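> Each chain, letter by letter, is given below.
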Amino acid sequence: MIRPVFLLLTLSLTLILSTVSCTNGAVPESPKLASPAPTPIPIPTKFYSQTMPATPLPAPTPLVNTEEITSPINENVGKVVHDTLPVEKSSEKIFVKFPLTILDREEKPLTFTEPPERIVVYDAAAVETIFAIGQGHRIIGTHSWVSYPEESEKIEKVGDAFNMDIERIVALDPDLVFLFYPTFKQELEKAGLKVLLLESVDDDLRKMANTFRIWGQITNAPNEAELLAKDFENRVMQIESILAPYDSGPSVFQDVGDLWTPGDNTLMGSVFNLLKLQNISHDVANYGQLSPEVIIDRNPQILISSNPDSIYQNSAFQELLPVKNNSIFKSNDDYLSISGPRFILGVEELALEFYPGLFK
Amino acid sequence: MSDNSTRELVSIYKYPWTHIITGIFIAFICTVVAVAIGSVYIPVTSVITIIFSKLDVFQQQEQISSSWHTIIWNIRFPRVVLALLVGASLGISGATYQGLFKNPLADPYLIGVASGASLGATIVFLTGVPFTYGYFSFLPLASFCGGLAAVCLAYLISIKSGDTQLSTLLLAGIAIGAFATAITGILMLSSDPDLRPLLSWLMGGFIRAQWSHSILIIPYMTIGIIFILGYSRVLNTMQLEEYYSESLGVDVEKAKRVLIISATLMTAVAVSFSGLIGFVGLVAPHVVRLLWGTDYRTILPLSGIAGATFLVIADLAARTVVSPVELPVGIITALVGSPFFVYLLLKAKRRAGNGY
Amino acid sequence: MAINIKDVSFNYGSPQIIKGINLYLKPGQLVSLVGPNGAGKTTLLKLICGTLKPTTGEIYIQDRPGETFTKKERASKVSLVPQNPKLPEEMKVSDFVMLGRNPHLGLLEWESAKDFQVAGEAIQLTEIGHLLERKLGEISGGERQRVMLALAMTQGSPIMLLDEPTASLDISHQMKVMKLIKKIHGQRRLNAVTVLAIHDLNIAAQFSDRVILFSEGNVAIDGTPKQVLTKDNIKEIYGSQVTVMSHPEHGSPLIIS
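Residue numbers (our numbering), protein chains in the order written: chain A, 417 to 776; chain B, 1016 to 1371; chain C, -14 to 242.
Worth flagging that the hints you see were computed from the coordinates, not collected in a lab.
Keep in mind the model is a prediction, meaning the values are calculated, not measured.
Take the hints with a grain of salt, since some may be wrong.
In silico lysine-lysine, DSS-like type, Cα no more than 30 Å apart, as pairs [to be verified]: (1) 1269(B) / 77(C); (2) 57(C) / 1269(B); (3) 1117(B) / 167(C); (4) 1029(B) / 77(C); (5) 1175(B) / 161(C); (6) 211(C) / 164(C); (7) 220(C) / 167(C); (8) 57(C) / 1117(B); (9) 1029(B) / 71(C); (10) 77(C) / 1117(B); (11) 1269(B) / 38(C); (12) 71(C) / 1175(B); (13) 120(C) / 1269(B); (14) 1269(B) / 11(C); (15) 4(C) / 211(C); (16) 1029(B) / 57(C); (17) 120(C) / 1029(B); (18) 31(C) / 1117(B); (19) 1175(B) / 31(C).
Assemble the whole structure, with the sequences as input and the hints as a guide.
What follows is the structure in structure tokens.
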């Protein structure tokens, strides 16, 4: 009679001890706070009207001359490699020389003798990009979650984002299949198709411009692509320059559903970086479900959520500022969930929302 | 002379209150530890002050930051309590299914109940029906209907196949569970591109736990527990072959119905607020049986206590091991549960190998 | 407690197993049902204890139709010791014996001193006191039979049905178990009925007050052992040539093939 009780006691004690020792390591680290700010960003009035008086907004800083902006992208991947320069500038016009060689995600070269005419684009962002540079007619297949632009609705859907009808793709006889994740790459290649995966932009929004340029090269519309990329870069630079005099902004927590949140090394993390918002989930790797008590403890000043009601209704979050102020921002998933040409609109929306005095 | 045997019987049959009390004591300690520890460090003295201040026992002596107050009172405490209740439900319903199907491997997740329940809950999720009206929630009801539909279908299949053989019931349950899971998958894939909330709900966890959830669960649980405990001696009798237990005055068909409905109710309620958490209903009764024999009047309450303790500790681990991020608690229970299960299997095999 | 079986027939699907039997079992008798395999002995036992329902006809227990009993009432009148049932190996002997009190207890009711008293007497009589803490999977065949008898006794029913209680036992255990059955029958009140389904004619002859010889779902011959177990009757029913002598000790018929 004593033995079983003892056994259970030791069992539960070991369990308790093991969890205690696990937490001890994790507890003392206090959240990485923003370095002391010499010039703090004026706090958006909208969010803090109940707790702090609004500070007067400084005069808008002059914009950096856009013509001086150079592409921040200088990585090897995705770069067009050629013995001779494939892109020639002559009176502002760019030409692409075929055969064209592109480095894919694994830095393997992929050569195009001519622009592909029948592309299966298994990525919403790429579909938007190709349409934006006026080459949408080349797309013959995509997945069922693609809904923008309107013309894309007429394109045949060959599966949803995670389930691919490979037989149908083969039957379409494409001369290029573009994927955003590698699961089906080998199978498609075995079927004799040309498959392209570009470097993921999931960690840095600045890489998007380069992706636009690569699509310009592939579809032989380099000028349109350059315009798109330049526009993107200009708008990023504009945000950067407006925020340049300031060191740190308010703290932010983004809930993409059920308290899943992006960490620093994600696309959204880089957006927060650009906007100088202090991501309270900075120590989360990729995406993770942040412990609710950590959210309370780190007390974010801004909340972004795809489902604000779930946070408003949670009794634990009633003390958070954005809940008190009824100011949880509902993110525009159309823009920020697709890393295409409209992504920057979502970024600008955030900038306007959180710094209403600085951005117009 | 017969007095000796009577006395011995009486002593064997003394209800093991010591075990129950020890179990409750261990569960209590685990609860306290689970409330005291979390991804945000709060000194134990503050935790105690916060709890007592809420209970109006003392006037609050020192000033404690309100965020700590929120963390303890609105996050950890309701969460630990919900884990206790769900663990107890899973433990008791697991033990009931095992007794009912005379199969130590029967688990709410194995026999299709949980899959059916989660299908019911998924439908509610996807149709956007509001979860709660005051203290009434559709979620447990929908899960219950789903779970019951799964079990009844399995039951009907086994009746059609001739006799209500329990092994047929088990096999049909597995098939229907797989079918329900497939339907859930289809519904999920054809509805909304952002599946993360649903997926993480299906994976199971207490991240959403609130006091109101526990309050919603308790009436359903109480009904289930009353019926199951009421039938616990009958469940002992049902360990015999069906005709034998019938000759002992058991209405086997009726008892099966009552027990299946009660156990399904308890599983469904647990599923509706915590998603799919496996192994609790399997491990808890096993440990109890291993240590305390075969009388269901003891096994059932002890399985409840063991399940509650197990799940509270598992949830503690889920929210602290990779802090500040949380793990789905189902991963922890599987991590602990499956090796333990293998150990049980090997042990049973070894014993059978030694043979009588 | 008399059992009155009136025009009872029973069939699973098409083949009729019991064909319109009429029997009256008087209180105080120890009755043996004998007959070739498949004659319907076990089926009749299950019909009496209510786990099977007659297709036609009615079984009256103490002048009350069997159908009108609830399961618990029936179980408190009739107990069954089945032939070689599958028992839960992990269950303790004491737990098993106490299951016999089920018909007398309400849903949330706990065993009272009286229940333990009844079970204690049964355990005493069947001499299984030393086995109480053992598991059912750990005991021998003879012990198993005694434990099942203790369960049936604990049930406290005036009618006890036993299906082949001596099958798969060696000769010494056969005698031990049969003497025990006789003792149990004697210990119970005067209105007790014990019905044995048995194929060992010598055991039937030696221990029973009445022997009913079954053939193809019907009662062929009914009477005292001496009346029923004759050379001619056995030849007619079993189709085999035997010698019937008088047992040197008890004077009951002794069948030698």
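> For every hint, state whether the structure bears it out.
Do the hints match the structure? See the list:
1. For the proposed pair residue 1269(B) and residue 77(C), the alpha carbon gap of about 26 Å is at most 30 Å, so the pair holds.
2. Between residue 57(C) and residue 1269(B) the alpha-carbon distance is near 13 Å, which keeps this suggested pair within the 30 Å criterion.
3. Between the alpha carbons of residue 1117(B) and residue 167(C) the distance comes to roughly 35 Å, so the proposed pair goes past 30 Å and is violated.
4. Under the criterion of a C-alpha separation no larger than 30 Å, the hint pairing residue 1029(B) with residue 77(C) is consistent with the structure, at around 15 Å.
5. Restraint check for residue 1175(B) and residue 161(C): not satisfied, since their Cα atoms lie roughly 45 Å apart, outside the 30 Å limit.
6. The straight-line distance between the Cα atoms of residue 211(C) and residue 164(C) is roughly 20 Å, inside the 30 Å bound, and the hint therefore holds.
7. A hinted pair counts as satisfied when its Cα atoms are at most 30 Å apart, and residue 220(C) with residue 167(C) qualifies at roughly 29 Å.
8. A distance of roughly 23 Å separates the Cα atoms of residue 57(C) and residue 1117(B); the hinted pair therefore holds under the 30 Å criterion.
9. Of the supplied pair hints, the one linking residue 1029(B) and residue 71(C) holds, its CA atoms being roughly 28 Å apart against a limit of 30 Å.
10. A C-alpha spacing of about 16 Å is found between residue 77(C) and residue 1117(B), which places the hinted pair at or below 30 Å, so the restraint holds.
11. For the suggested pair residue 1269(B) and residue 38(C), the alpha carbons sit about 17 Å apart, so the restraint of at most 30 Å is met.
12. Only pairs whose Cα atoms come within 30 Å are accepted, and residue 71(C) paired with residue 1175(B) is accepted, the gap being roughly 24 Å.
13. Between residue 120(C) and residue 1269(B) the CA atoms are separated by roughly 29 Å; this keeps the pair inside 30 Å, and the hint holds.
14. The suggested pairing of residue 1269(B) with residue 11(C) is violated, with an alpha-carbon distance near 34 Å, which exceeds 30 Å.
15. A hinted pair counts as satisfied when its Cα atoms are at most 30 Å apart, and residue 4(C) with residue 211(C) qualifies at roughly 26 Å.
16. Proximity of residue 1029(B) to residue 57(C) is assessed by CA-CA distance (about 25 Å); at most 30 Å being required, the pair is judged to hold.
17. For the proposed pair residue 120(C) and residue 1029(B), the alpha carbon gap of about 18 Å is at most 30 Å, so the pair holds.
18. Distance check on the hinted pair: residue 31(C) and residue 1117(B) sit about 23 Å apart at the alpha-carbon level, within 30 Å; holds.
19. Between residue 1175(B) and residue 31(C) the alpha-carbon distance is near 23 Å, which keeps this suggested pair within the 30 Å criterion.
The structure does not agree with the numbered hints 3, 5 and 14 stated previously, though it agrees with the rest.
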